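Undergrad: For the protein sequence lines, the chains are A and B, in the order given.
Using our numbering, the first residue of the first sequence is number 1, and each one after it goes up by one.
Using our numbering, the first residue of the second sequence is number 1001, and each one after it goes up by one.
You may find that some hints are simply not true.
[Stated by the list, open to error] Only some residues are given here: those of chain B computed to face chain A with a beta carbon under 10 Å:
(1) F1041
(2) Y1057
(3) V1062
(4) V1066
(5) V1071
(6) A1076
(7) M1077
(8) P1086
(9) F1121
(10) D1122
(11) A1166
(12) S1170
(13) D1187
(14) N1204
(15) Y1270
(16) P1273
[Unchecked claim] Simulated crosslink set (SDA-like; lysine to any residue; CA at most 25 Å straight-line):
(17) A:K56 to B:A1076
(18) A:K56 to B:A1092
(19) A:K56 to B:V1175
(20) A:K56 to B:R1235
(21) A:K56 to B:P1237
(22) A:K56 to B:R1028
(23) A:K56 to B:S1023
Since the hints were made in silico from the structure, they are not lab data.
Just so you know, these numbers come straight off a predicted model, no measurement behind them.
Beta carbons are placed, not taken as given, at the ideal position from N, Cα and C, and that holds for glycine.
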Amino acid sequence: MSERTLYPLGWVVAAGLAALAACSDFTGSEDPTGGLPDVAVAEPAFARDVQPIFVKRCAIGGCHSLGRQQAGLVLTVDSAYAALVDRPSTLRPGAVRVRPFHADSSWLIDMVGPDATRRGGISRMPLASTPLTPNQIATLVNWIDQGAKRD
Amino acid sequence: MLAATLALAPVALAAPAGLQSQSRQIERYDRSTPAGRLMGFYSDAIAFSPVGAPRRYRAWAVEAGVEASYVPRLTAMQRRAGFDKPEATNLAPVFPRPRAMLALPGGVTLEGSWVPPVRVFDVTANLLSAAVAWRAGHLGPVELTPRLSALTGRVRGAITCNGATARRESNDLLVYYEAVCYGRDSDDHFSPRQLAGELMATGNSGGAFVPYGGLGVRRERARFDIGVIRPDGTRDPEHPMLLSSATRLYLTGGLTWLVGVRGVASGEVYYAPGSLITVRLAAGLRVKR
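With the rest of the complex left out, here is chain A (with noise of 0.2 Å):
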């Protein structure tokens, strides 16, 4: 074999290794809490601590804003506490999605959760993306057990 036929044999190799090497160079990351703080609240105020995660993660854009109303549920900031508290489900029939007093009851921390049993099949929320941290969802869970106050 002369050395002219070996020319395009060697840039194959060339190219194939230089392929194998290319690659992306930057991790993945996560913002789960949308730029809020990550902590959960002890003793938290609907509109300052419980309603940004909402603006943050569910009234957006396809999901519970004022165009899309999936489920029949608007999260924004004018209308979520009203949409919430006593009122029922869309998705689960006889489910009340804020009890006040009663998290554990309350359908809107079964869909945020992490046990799956609890929904009966239907997607956590929000959908197909980074679930809320547990500090989030501790927020939710002390605004409900402590009367899910309009304050």
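Starting from the known structure of chain A, fit chain B onto it as the hints suggest.
TA: Chain B in isolation, oriented as in the chain A frame:
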């Protein structure tokens, strides 16, 4: 093709700003954010780098060829723009591009490329690129060539809502596809605008192989227009437009093989720190000596 490319350049550079809708929410992301990094990765994947050593040409020589860039696959975590679901960005493993070069008197070369809006893999790109380089002199045996380049245009694909990806990856994604995407593939538009300057150094071996390397800086602005399609066929205005701007360094290094009198083949490694390392191959033919 080169003449058409250069004639269209000012029009295309002006186009994206004029196309912006006023009613859409605009979200800005810098390169420290997942969305910014994702847009930066694809800006680098299509950058108009030299892919070939600067060479001496007779004035008015014309060379035409093709280039192919490898686009590395991204993991699901890398494809997340923040807390959102993984986006379907692994649509094309290779980005092909035609290229043409015109040599001017005085050691100046003009390069141009137009990727016509033809669907390749699952992507339809319509990108215009141009570059000018000129021989600046020697530093010992090394020839120095500054090069300025620009790129603009649009890449279309089903990135936000992709039924095939949703069916393959998870049931939750499929639910998302049906509920948020109206069960339709999206028509997302990725619109990069780039202006780059680099200094290339070419080894003067006098043989058939010419090594080269370069260091460049690029100013880029990318826009991602989320194109969720409603049942009536219109774009859903609920979804925002994402903007990302950055100034970034990049490195190139490669080898050009002079094949006979008219042919040329080149391989290049392109490295943009914090974004990607990839390989580009190009082959060309001098059509006018």
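Undergrad: Which of the listed hints are not met by the structure?
TA: 2, 3, 4, 9, 10, 13, 14 and 18
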